[in-house]
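Peer 1: Each chain, written out:
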Amino acid sequence: KAGVTQTPRYLIKTRGQQVTLSCSPISGHRSVSWYQQTPGQGLQFLFEYFSETQRNKGNFPGRFSGRQFSNSRSEMNVSTLELGDSALYLCASSFLGQSTDTQYFGPGTRLTVL
Amino acid sequence: AQSVTQPDIHITVSEGASLELRCNYSYGATPYLFWYVQSPGQGLQLLLKYFSGDTLVQGIKGFEAEFKRSQSSFNLRKPSVHWSDAAEYFCAVGEAVSGYSTLTFGKGTMLLVSP
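If you read the protein sequences in the order shown, they are chains A and B.
If you read the first sequence in the working numbering, its first letter stands for residue 1, the second for the next number, and so on.
If you read the second sequence in the working numbering, its first letter stands for residue 1, the second for the next number, and so on.
Isolated chain A, as found in the complex:
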C-alpha cells in the first residue's frame, strides 16, 4: 500500500504570494491532518479534515486554510506569505481520525519564503 504523498516536495516563494500544498492520504484513510514544523516552534497542529469537513483547528491565523476532497485528498493554502511561514509542512493520514488511530506522515513539503 502506498504511503502518504505530498507535492511538491520543495517550494520557494516570495513574501506576499500565496501557495497551495497537496497531500494524498493512504488509500482508505479518511482523515488528513496538517502540521507545521519549524526549528523554533517545533511541530504544531494546523487542522484536521474528515469526510471533507474541518473538525479541528490549531492556533494559526486565517491566512492558513485547507480543504479536503471527496477522494480524501487534501490541500492547504497559505495566503499573503510571510518570512515566518518558511517551514516543513507535514501531512498525516489516519483511518478515521480517532485518537487511537495511528497517524502516518508524509515526507513533507519544504516551503521557503524569501
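There may be inaccurate statements among the hints.
Stated by the list, open to error - Cut-off 25 angstroms, straight-line C-alpha distance, at most; resulting in silico cross-link-like pairs (DSS-like, lysine-lysine):
hint	chain 1	residue 1	chain 2	residue 2
1	B	K68	B	K49
2	B	K107	B	K61
3	B	K49	A	K57
4	B	K107	B	K68
5	A	K57	B	K68
6	B	K107	B	K49
To be verified - Computed list of chain B residues with no C-beta within reach of chain A, every gap over 10 angstroms:
hint	residue
7	G62
8	K68
9	L112
In short, the hints are calculated from the structure, not lab data.
The beta-carbon is built from N, C-alpha and C at its ideal position, and this holds for glycine as well.
Starting from the structure of chain A, add chain B where the hints point.
Peer 2: Showing chain B alone in chain A's frame:
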C-alpha cells in the same frame, strides 16, 4: 492544555550503548502517548504508542517505552544503539478526551551515535 517536554535537545551515545530519551507530559486525563522518529528529509515514523494496559510497551526497531503516571513520564529506551538510529525523536500526546487524532509534540531530541 496538554504539553510535552523533552528536556534533552541533543544526546550523543556510543554505538552499542544503551539509550534513554526522556519525555514528560502534562494532560488532565489518562493520556495517549506516542514516540515518533524523523530521519533527515523524511516524515515522521511511529515507533510505539501507549493507550492503556501494560505500562511497558514494545515498538519497532527494538525500542520500548515505559509509562509512569506518578512521574508523568513516557521515556523511550533501547538496550543497544545502532548507527542507523541517529535521527530526531519526538514524543507526543494525543487527545484522549476529545477523541480527535490531534497530536501535541515535544520539541524533539536529536540523537547522535558515535562509533
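Peer 1: Does each hint fit the structure? Answer for all of them.
Peer 2: Hints, one by one, checked against the model:
For the proposed pair K68(B) and K49(B), the alpha carbon gap of about 14 angstroms is at most 25 angstroms, so the pair holds. Of the supplied pair hints, the one linking K107(B) and K61(B) holds, its CA atoms being roughly 22 angstroms apart against a limit of 25 angstroms. Between K49(B) and K57(A) the alpha-carbon distance is near 23 angstroms, which keeps this suggested pair within the 25 angstroms criterion. For a cut-off of 25 angstroms, the pair hint linking K107(B) to K68(B) stands: about 20 angstroms separates their Cα positions.
A C-alpha spacing of about 30 angstroms is found between K57(A) and K68(B), which places the hinted pair above 25 angstroms, so the restraint is violated. Taking the CA atoms of K107(B) and K49(B), the gap is about 18 angstroms. The hint holds against a cut of 25 angstroms. The claim that G62(B) lies off the interface holds: its Cβ sits roughly 19 angstroms from the closest Cβ of chain A, which is beyond the 10 angstroms cut-off. Listed as a non-interface residue, K68(B) keeps its Cβ farther than 10 angstroms from every Cβ of chain A; the least gap is roughly 21 angstroms.
Its beta-carbon lying about 17 angstroms from the closest one in chain A, L112(B) satisfies the requirement of being farther than 10 angstroms from that chain.
Checked against the numbered hints given earlier, the structure breaks only hint 5 and satisfies all the rest.
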